[in-house]
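In my numbering, the protein residues as written are 1 to 367.
These are calculated hints, taken from the structure and not from any lab test. Bear in mind that the values here come from a model prediction, so they are computed numbers and not experimental data. Among the hints, erroneous ones may be present.
[As the list claims (entries may be wrong)] Ranges of calculated distance between the beta carbons of each label pair, as one might list FRET restraints:
#1 20 to 115: 38 to 44 Å
#2 112 to 58: 54 to 60 Å
#3 304 to 115: 45 to 51 Å
#4 20 to 106: 38 to 44 Å
#5 339 to 88: 30 to 36 Å
#6 104 to 264: 21 to 27 Å
#7 112 to 193: 32 to 38 Å
#8 237 to 27: 55 to 61 Å
The C-beta atom is built at its ideal place from N, Cα and C for all residues, glycine as well.
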Amino acid sequence: MAGIEKKNVTKSKIVNYIINHKATSKVELSKDLNISMPTVLSNVKELLAGGIVIETGEYESTGGRKAKKISINPAYRYAVGIRITAKHIGFVLVNMKYEIEKYERIRLEFSTNTSYYSKIREELEAFLKDVENRERILGIGISIPGIVNLENRMLVKSHALQLENYSLNFLEQVFSLQVYFENDANAAMRAEDLNRYKNALYLSLNNTLGGAFCIDGKLILGENQKAGEFGHIILVPGGKQCYCGKRGCADVYCAASALTDDTSQTLEQFMQQLEERKESAQQVWQEYLEYLAVLISNLRMAYDMDIILGGEVGGYLSDYMIPLEEKVMKYNGFDHDARYLKICSYKREASAVGVAKYFLQEFIKDI
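Could you build the full structure based on these sequences and the hints that come with them?
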């Protein structure tokens with residue numbers, strides 16, 4: 001039994017390595033994973049026979065036989081991710097390479113009525129209607145803005161959805177596939193490669209501001225699943241009213257809604273105005289970056305780790321990193337640069353991708 005478990009662990013390590021590399025070879029697998037070549041050869045042979053990995057070409061010859069390029073078979077398994085917000089639903093179909101095969105976002109106001117759940121089921125069916133091999137879908141991950149007790153299938157508290165101690169069983173029963181729930185910010189953190197970011201913090205800059213962090217590649221949830229509530233750190237004492245009831249929370253100043261609420265426009269419209277160099281948008285943006293820089297500096301002081309900028313705003317920040325870094329450095333006298341700031345891997349529906357990845361990762365553990 002122990003031998004089988006060890007073999008599964010080795011095979012899982014090999015599959016994870018292949019997923020996180022565009023292409024690799026048996027020699028690289030042996031060297032980088034410190035696994036003997038005979039063990040690599042037998043495992044890769046089984047994976048090829050099972051269709052989990054595929055040969056995608058050959059490397060240039062270095063004098064001997066050309067090494068085969070090995071990649072994961074993206075169509076071997078899939079998982080669905082659903083992101084629920086107060087006003088929208090986002091759907092993603094994620095393949096075995098953690099790529100988004102399909103994406104859709106619709107406007108749907110959250111409700112506890114059965115009609116809401118029926119609508120989600122209808123929209124999911126429409127989303128998947130042209131997907132072949134539906135039997136390869138492992139499950140449905142659902143990200144929710146709030147504190148989730150997974151064991152009891154309970155949404156403990158969600159300011160964004162205005163719910164407390166709400167059973168998620170109603171939502172789970174809508175679907176025929178297995179369902180997994182997770183807090184939206186934790187899910188977005190899970191979307192990142194936690195082998196690359198062993199110790200990192202994730203800022204989810206959506207319409208509400210969420211956060212998560214991992215240590216040694218493991219998400220830290222806290223004793224009451226409240227770790228990472230960076231949106232409700234007081235940034236401006238006595239400042240603007242937050243939806244949580246307090247004043248001056250980081251959420252009011254650094255969430256995406258800080259850019260759009262006053263003008264009732266979408267984030268896309270705001271960023272378009274910023275690109276067109278409209279003075280009103282530029283003024284709001286500079287103020288936003290200033291507050292974000294203060295929050296980033298405080299978090300860097302507290303955690304001393306990489307900070308990943310994600311969410312809807314994070315998807316746009318790659319073009320504005322220099323001015324943001326300059327502002328951050330004003331508040332941070334301990335670091336000589338801001339290389340610890342990273343842009344998220346998924347600029348669209350990261351939370352949905354993260355909960356979908358849960359099923360794929362669980363599947364890989366048992367290969």
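We went through each hint and held it up to the structure:
| no. | hint | verdict |
| --- | --- | --- |
| 1 | 20 to 115: 38 to 44 Å | holds (42 Å) |
| 2 | 112 to 58: 54 to 60 Å | holds (57 Å) |
| 3 | 304 to 115: 45 to 51 Å | holds (48 Å) |
| 4 | 20 to 106: 38 to 44 Å | violated (32 Å) |
| 5 | 339 to 88: 30 to 36 Å | holds (34 Å) |
| 6 | 104 to 264: 21 to 27 Å | holds (24 Å) |
| 7 | 112 to 193: 32 to 38 Å | holds (36 Å) |
| 8 | 237 to 27: 55 to 61 Å | holds (59 Å) |
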